[in-house]
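With chain A fixed as given, assemble chain B onto it according to the hints.
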Amino acid sequence: MDSSIRNRLLTILFVFGLGIYALLPSLRYSLMDEEKKSNLSDEQIDYFESRSIKQGLDLKGGIYIVLEVDLPQLIDNLAKNKDNNFNEFLIDLKNEYNNSSSDFFSVFENLADEKELKLPRYFINYGKTKDQIITQLSLQSEDSIKRVIEIIQNRVDQFGVAEPTIQKQGNNRVIVELAGIEDSERARDLLQSTALLELMIVKNVESTNAIIRQIDSIMTASNGNDNSQNDEINELFDSSSSSELGFSSLLISVGGNLAIASKDLTALKDILSKEDVKQILEATNSTILTSDSSIKLVNEIGEEEEFYTLFHLFNNAELTGGVIEDAQMRLSQAGVTAGQAVVEVEMNSEGSREWARITGANINNRIAIVLDKKVHMAPVIRSQIFGGGTVIEGLDSIEEAEDIAIVLRAGALPVPVTIAEERTVGASLGADSISKGTLSMAIGLLLVVCFIVFFYKMSGLIASFSVMWTLILLLGVLALLEATLTLPGIAGLILTVGMSVDANVIIFERIKEELRNGKSVRSAIDSGYERAIRTIVDANLTTGIAAAVLYQYGSGPIKGFATVLFWGIIVSMFTAIIVTRFVFDFVTTRKNIERLSI
Amino acid sequence: MKFMENTKINFMKFKSFGFGLSSVLAFGSIILLLMGVNLGIDFKGGTAIGVSFSEDVSIQEVRSSLKSVSLNDSLVDLSGEEIKYFGSQSDVMIKIKSLDNEPENFGQIVINHLYDSMSAKAPENKNDFILSLGSVSPKVGSELSGKAFWSVVSALVLILFYISVRFEFRFALGAILALVHDVVITLGIFSLTGFEITLSTVAAFLTIVGYSLNDTIVILDRIRENMKSSGTVMFESTINKSINQSLSRTLITSLTTLFVIIVLLVYGGEVIRPFSFTMLVGVIVGTYSSIYIASALLATIYQSSNK
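Protein chains in written order, with the working numbering: chain A, 1 to 598; chain B, 1001 to 1307.
Treat the hints as calculated values from the structure; they're not laboratory data. Just to be clear, a hint being listed does not mean it is correct.
[Claimed, not checked] Here are the computed lysine-lysine pairs in the DSSO-like style, where the Cα-Cα straight-line distance is at most 27 Å:
id: 1; chain 1: B; residue 1: K1126; chain 2: A; residue 2: K436
id: 2; chain 1: B; residue 1: K1139; chain 2: A; residue 2: K115
id: 3; chain 1: A; residue 1: K128; chain 2: A; residue 2: K94
id: 4; chain 1: B; residue 1: K1228; chain 2: A; residue 2: K263
id: 5; chain 1: A; residue 1: K168; chain 2: B; residue 2: K1228
id: 6; chain 1: A; residue 1: K519; chain 2: B; residue 2: K1228
id: 7; chain 1: B; residue 1: K1139; chain 2: A; residue 2: K94
Here chain B stands alone, though its shape is the one from the complex:
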């Protein structure tokens, strides 16, 4: 079947528009990120509790039952903590910041408290009540954030190095800027949704790094190949030709990947939703940036160095 064959779209004509759009998106994302990201307990420390009631409950109900939890022989008000539905209206997720002097079995105490105070709506067996329980000490939290930060940075540096060796430094620069662009914008959109950043979202971000790179490399590879015959004269037309030649591949691959991700988003369940959502945004932004950031930047870099 013929699909997007022999297209002659002048992509570079819209270069300035692309740069403008990306700048606005990236700038907006950075502002959103500065306003605060919703870090999960993995990075901040704290306790996250998922419980499953036997019938639908209202958030208000859960909130008021957490008004006074007996802890260390004193009463603590946990009703101000983050409480939300988890998948259905009978499952609830509660996220509690780490407290000073938190007892070791804090999560269990809260679960027991909920189980007792809302016993009418709780399942008979307490083990069926507990969906999940996670607690991370602030120390481990800061260690994990450090690790996540360095994993992204070292992945970027290694990739920069690899592309510099396989292609040349100017290619690597364009590719890395495109990656940073993807991660920043995806993070920005991500923070709009209110999903929290957990270890698996970091995994998703690294996957985006890998995926978007894959896309970029395919186009850069074409540009490198076409440069052999045309040199760097008329560089923009070389880039246009390369993007057009690989366009069908770019679209087919992005579409298949998007299919899989959308299926994952719809049927994958609550636990994996933030992961699939990140991937969805990342793949779209990544495909766009391969053309309008990585390639267009390359054109700009070449133009200015040839002058």
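Chain A extracted, bound-state conformation:
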């Protein structure tokens, strides 16, 4: 055996060895039955999970959610001394940003210039000049996103999902991938709930009545001035429930609380967003919120209707969720709530002190526990509470209690997040795709092998081997890269098979041509390979360019496709040019072959 052949053999064996080594954990893990899997230690599972080829959500089922941090809302939260000018600016900012593809802060800056908005007026805490303010605000937004990611990470960890992926995308998005989750509704709520816990004192009945009278008078006044167009719209809809009869007509009294029918919630929102009403509430430092759960009542005509309780509260929160040290779901042991799920909250020392002060100063007042701007409950403070412990009762189910405990424990999101993109794949569809993908792969491969063996005889057999090895090596590379195999990825694998066959076909056709030109077997192989290589490299590199661009721009599943295609090109070039060449050389140097089976 001459040294060139030996060196090539060693190289090839080394690469194959590496490929098999990389693929082994995936193979062993996928062949294990459930029972064996459950006997593995955590470390072993970690080992297998990280060394195996991961299946994408489209194969495994699960949820892919892109959360977008509500940056306009963040700006709103950070601003002080807000006036009409600023509020208008904010509305325009939202519209402009939603319709543009540029970066949020450049939209912000342009619009502020255009509207000649004096930023220092609203953001004096963040700097004196426009540039300083914008730099500081963008730092703030980055901080918020970091915090959002941390919190979501915490929540997901506590939710107990295997291999969650959470990553930042651009400068205001977070991608969350939860594989194998079935209850998408629950997961979505958990991710999205800002879990802003606020404790607010409920205003007394007199000031509430005063506010309602004031709002009523605004409504009647503004109705007189309304133009005819608005009246028409009101008539088109349900005219009796609309705002023209005033605010108090929407309300009923239920057990000492005010309540509003669920069909009137939109009307309530309209009323509360009127400028005049906002001003009155601001002047009295109060806010109006509704309860998070509804009660069912029978109305005058005997129909069952849903009602939400209405609360008039001091606008500034006495305490927020930040002081919470721990929150646990428990089953209540005693009292009327025995057996029900409750959440026990513990506060840090600062929170406990505040809590003692608040409860001490407000005995016999009601305190509202407000979650995400909805009043969850509003118990009366009977006595001062020391030690910071408190209990949230009245939850519907153990699951709800657990979820509330998780979000309270993991912390509140600093800014609201919206879902920009969501993809849920049911486990059954995923499984269907896997089995069909594998089946078509197997059939396709078999057909290809028959085809090339039919055309190229022995040489076709060598080519078939090289195609098999291409697949094995490619899967090995994917395992090493910890890449995720998606459905388009499987398509990429199939395409790689095609490309790999093509490389062999190009080579064989060249060799045949050289043979027809009267060359000996040895020199036909040599010059055939030599001339084919240039073609193969050019053809593959151009496809490689397409794959690289795809990787650069693509997201999720497409990225998976590009990865497979890119490595497929490299691996198939290796097997076609180096491996099959070696086999030909090996056979022809040992025996003096006069006729090539091609």
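Showing chain B alone in chain A's frame:
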């Protein structure tokens, strides 16, 4: 086995016919595309819901159950949205345009509504009912279309650059025109089928770009090689010779690829069908264009520059 060896087909004789056919196809495709492509939610924004009933349902049934969906305390009529079977008659795919004021969990609300209103035909476990749920906000949709557009454009520019360096600019021009031709015609045929354009179809289109290019390069490479001995005199015969020499390879490779794609089309399942279909059309058009667009254009370009 001998297959298409030593053929002496005069491909360039049919050059004008090829140009004519391609022009008609491309023109027709452009008209079809102008009439409107069926963009998926990836690019337009919206919600797509796949549900699996436990028995066969009629589209009409699903449509009428979507007549009044309670949303934000008002009733919305979704019966005009796109509803079609997905694989079998018990699986249904519903595509809903983005609404103004759409609540965050809109897709889930629609699923819940369907599940409740057609409970007799729905599986017991709600999680078995949901096949897939996708929602894309219009903002993300327009971003994704921008990305897809630029990915195709930048791939073409980079490839043009690569071929100009490796061959020469005139070769690159022919190759790129052939690619644009392939993509346009495949898009045209694609839009006839009513499949919608999603992210994975864009992947398929880029794969076609890669594949068709592969094919074109193999022939161009031969032409370059043969030009060394014959120069640019009798250019058409050089091109004919090159196409004939690489004909067996072109056909064998195209056939093997087509086998694999047809298998994928038949057995690959519903999710991947638009992808496989695009590939099928693309491979056929791509093989044809390597001969009649890339090479024939090259001949025309050379003829006019040699005059």
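Verification of the supplied hints:
1. B:K1126 / A:K436: holds, 24 Å
2. B:K1139 / A:K115: With Cα atoms ~24 Å apart, B:K1139 and A:K115 stay inside 27 Å; holds.
3. A:K128 / A:K94: holds, 24 Å
4. B:K1228 / A:K263: violated, 82 Å
5. A:K168 / B:K1228: Roughly 54 Å between the alpha carbons, so the hint for A:K168 and B:K1228 is violated.
6. A:K519 / B:K1228: holds, 21 Å
7. B:K1139 / A:K94: Given pair B:K1139, A:K94 holds - Cα atoms ~12 Å apart, limit 27 Å.
The structure is inconsistent with the numbered hints 4 and 5, although it conforms to all the rest.
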